[in-house]
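Enquirer: First to last, the sequence lines map onto chains W and X. Counting with the working numbering, you get residues 558 to 735 for the letters of the first sequence. Counting with the working numbering, you get residues 1460 to 1630 for the letters of the second sequence.
Warning: the hint list may mix true and false statements.
[What the hints assert, rightly or not] One-sided excerpt, in silico: chain W residues whose CB lies under 8 angstroms from chain X: (1) 568; (2) 586; (3) 587; (4) 590; (5) 607; (6) 610; (7) 614; (8) 653; (9) 659; (10) 673; (11) 674.
No lab work stands behind these hints, which were simulated from the structure alone. Quick reminder that beta carbons are idealized off the backbone N, C-alpha and C, glycines included.
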Amino acid sequence: MTYLNKCYNNNKIKILVENSPNAQHIVASTHTSFTNITYTEIDYKPQTYIDGSKASFVIYSTSILLDQVSNSSKTAGTYRLAKSTDNGNTWVEWGDNTNFHFSTWENCSIDASVLDINFCLDTASWDDTLKLQMQLKLKQTVGAEFNIHKNYQFYDQSGDVSSANNVYKPKVMCWSIK
Amino acid sequence: MTFLFKNYSNRKNIKVVKTTASSSTNIYLNSSYQYATGSRISYTPLHNSEGSKVIYEFYCAYSYLDNDNNARFKLQIGDTVATLGDVVTNSDNYINSVGSNYSSGTLRVNDLITLRYLLDSWENEKVLQVDAKSTSTSYQGALNLTTRFGATGFGDLYFNPFVICYEIFEV
Chain W
558 MTYLNKCYNN NKIKILVENS PNAQHIVAST HTSFTNITYT EIDYKPQTYI
608 DGSKASFVIY STSILLDQVS NSSKTAGTYR LAKSTDNGNT WVEWGDNTNF
658 HFSTWENCSI DASVLDINFC LDTASWDDTL KLQMQLKLKQ TVGAEFNIHK
708 NYQFYDQSGD VSSANNVYKP KVMCWSIK
Chain X
1460 MTFLFKNYSN RKNIKVVKTT ASSSTNIYLN SSYQYATGSR ISYTPLHNSE
1510 GSKVIYEFYC AYSYLDNDNN ARFKLQIGDT VATLGDVVTN SDNYINSVGS
1560 NYSSGTLRVN DLITLRYLLD SWENEKVLQV DAKSTSTSYQ GALNLTTRFG
1610 ATGFGDLYFN PFVICYEIFE V
């Protein structure tokens, strides 16, 4: 047999990019329980192949910007991957070590960063389309307050243009690995 | 910027290895290089004769232990685990770092890290892994967990590291 084309896509790549994101304001006084992170939601079902087998893993990836809202605010938070089997009505954590901390509550935290999140998800019990998204919560009584998707101080050649709509387009992607 | 290739094909010959993290797989980095748990993969390029390149990607979490903290990473390759060595002399282009190495530059880092390397293809199976260290035990960091928020419900969180290898072609 001769393969006419060695380049084929059997990874069922799905990518969503929000071109006009609104900033999501996160503050410790109100976000002490897990909150959905906007634009990180995606519907996905693992790839099935011509022999009837299913992908062994799905890679969930998202890229979001975090930036402080003042010179003293912190970006620290605890993040988790969540799933919904009822079209987004209820969400539960994915588990399997998909919770993590970013930055720190203490002094010397990271002021701003693009947070690239990648998880390798098992598919053994994943047979139907699921909704996935990231959630985060903050620890109360500390100075954590930041925006997601929007820069705090943003400079171009004319100087500080922080009042502009200086957002970072969030991306979310899933793809399958056999 | 120089582009090595103008156009790559889709990923082929994809292999992934995922490691479930626990108290036995996290790493408190020392001042000498050690295996970064979860980064090891045995990989055989299938398209070496067609001029393929191999992409190695390692996904892990990094956490501070000391207020000033860092990690150094370098890719290793060999026919077996026992024969692992630097990809090239001094690991040029295959060595990275995160964090600080300066006591007045304290930065308590908790973050997810991706290391991605491009290699020329090869024949037969080879083992690849990342070795990691901190510059000293006074600047110690850790892998495969994020840590030290202190309050109830905000303690150490493990992260399952994974490594992906695949081939790409110029088309």
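Enquirer: All hints are to be evaluated individually against the structure, with a verdict given for each.
Expert: Against the structure, the hints:
{"no.": "1", "hint": "568", "verdict": "7 angstroms, holds"}
{"no.": "2", "hint": "586", "verdict": "16 angstroms, violated"}
{"no.": "3", "hint": "587", "verdict": "17 angstroms, violated"}
{"no.": "4", "hint": "590", "verdict": "11 angstroms, violated"}
{"no.": "5", "hint": "607", "verdict": "17 angstroms, violated"}
{"no.": "6", "hint": "610", "verdict": "15 angstroms, violated"}
{"no.": "7", "hint": "614", "verdict": "6 angstroms, holds"}
{"no.": "8", "hint": "653", "verdict": "7 angstroms, holds"}
{"no.": "9", "hint": "659", "verdict": "6 angstroms, holds"}
{"no.": "10", "hint": "673", "verdict": "6 angstroms, holds"}
{"no.": "11", "hint": "674", "verdict": "6 angstroms, holds"}
Figure legend: structure checked against the earlier numbered hints; hints not met, in rising order: 2, 3, 4, 5 and 6.
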